[in-house]
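Protein chains in written order, with this note's numbering: chain E, 1 to 168; chain W, 1 to 109.
There are no misleading hints in this set.
Cβ-to-Cβ under 8 angstroms is the rule here; a few derived chain W residues that face chain E:
#, residue
1, I4
2, A7
3, F18
4, V84
Computed beta-carbon distance windows for the label pairs:
#, chain 1, residue 1, chain 2, residue 2, range
5, E, L147, W, L104, 21 to 27 angstroms
6, E, S145, W, N105, 31 to 37 angstroms
7, E, L139, W, N97, 39 to 45 angstroms
Quick caveat, the hints were computed from the structure, so don't treat them as lab data. On a predicted model such as this, the values are computed, not experimentally measured, just so you know. Backbone N, C-alpha and C fix where the C-beta goes; we use that ideal spot for every residue, glycine too.
Listed here are the chains, written in short residue letters.
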Amino acid sequence: MIFLFYLLSGVALLSALMVVFSRSPINSVIHLIICFLAIAGHYILLNAQFLAVVHIIVYTGAIMVLFLFVIMLLNLNKENEPHKKLYTKLAAIISGGMLLLVLTGAVKSVALIPFNEKFDSQIGLVGNFGKILFNEFMLPFEASSVLFLSAIIGAMILGKKEKITNNE
Amino acid sequence: MDNITTAIKLIPLEHYVFLCFALFSIGVFGILFRRNTIVMLMCIELMLNSVNLLFTAFSAYRSDAAGQVFVFFIMVVAAVEVAVGLSILVMMKRNVNSVDVNLLNKLKN
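With the sequences and hints as input, model every part of the structure.
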């Protein structure tokens with residue numbers, strides 16, 4: 001169990017680093033997919049089965065395929081990204097490290113919540129999840145459908161070819 | 001039932017917190033480090049996912065399903081964000097023929 005946790009964590013962190021350092025965007029996408037699969041494994045370890053399945057379907061199945069589709073459509077796989085200056089890279093490394101340091105330092109000094117002894121093993125399952133989603137969270141659920149509609153319209157308008165108008 | 005409880009208890013919550021912070025920091029670092037817009041979008045996805053994992057860990061330790069419902073909504077927002085972001089990227093590639101984020105400064109003046 002502990003071994004599985006550390007294995008999945010190591011895979012997730014390594015592939016996340018590879019996303020940043022890969023030269024070509026296709027390699028970044030592949031490493032991000034590996035990272036997401038490791039995170040899905042973490043969900044299963046935490047007994048959140050519905051989320052694990054949805055995560056695999058939505059992220060690795062839909063979003064990452066969308067990324068790959070755009071990369072191949074636009075032929076972005078050329079490795080001609082201009083290099084940033086050295087001091088910019090150094091600043092990125094330092095600020096990322098400082099953020100990690102501050103966050104871990106903040107957590108080290110607080111007592112996190114203890115484990116809830118009235119443990120309910122059913123909370124991650126589909127039936128219980130659906131009951132909560134359609135009772136307590138009904139309004140956000142319906143609002144998210146409006147969000148999706150606006151995203152569809154927005155993506156279509158953005159993707160449309162602009163007409164060149166010479167009015168002036 | 002008892003098996004699941006002991007299995008989840010075996011890993012302290014702090015380990016999940018540190019893992020999520022590390023993933024989030026890698027995402028922030030990637031945004032600052034790269035100039036390719038599509039890799040920056042992927043780093044945003046990475047940050048969203050680290051928050052999702054943290055929500056799920058707290059939800060499992062508290063036995064509170066509301067956290068997992070929140071993760072569901074974050075996934076919805078992430079899907080919407082990717083769809084709009086990628087269409088902006090397609091438009092940018094069509095107009096300036098590059099995905100370098102430094103060229104997106106036309107709103108400045």
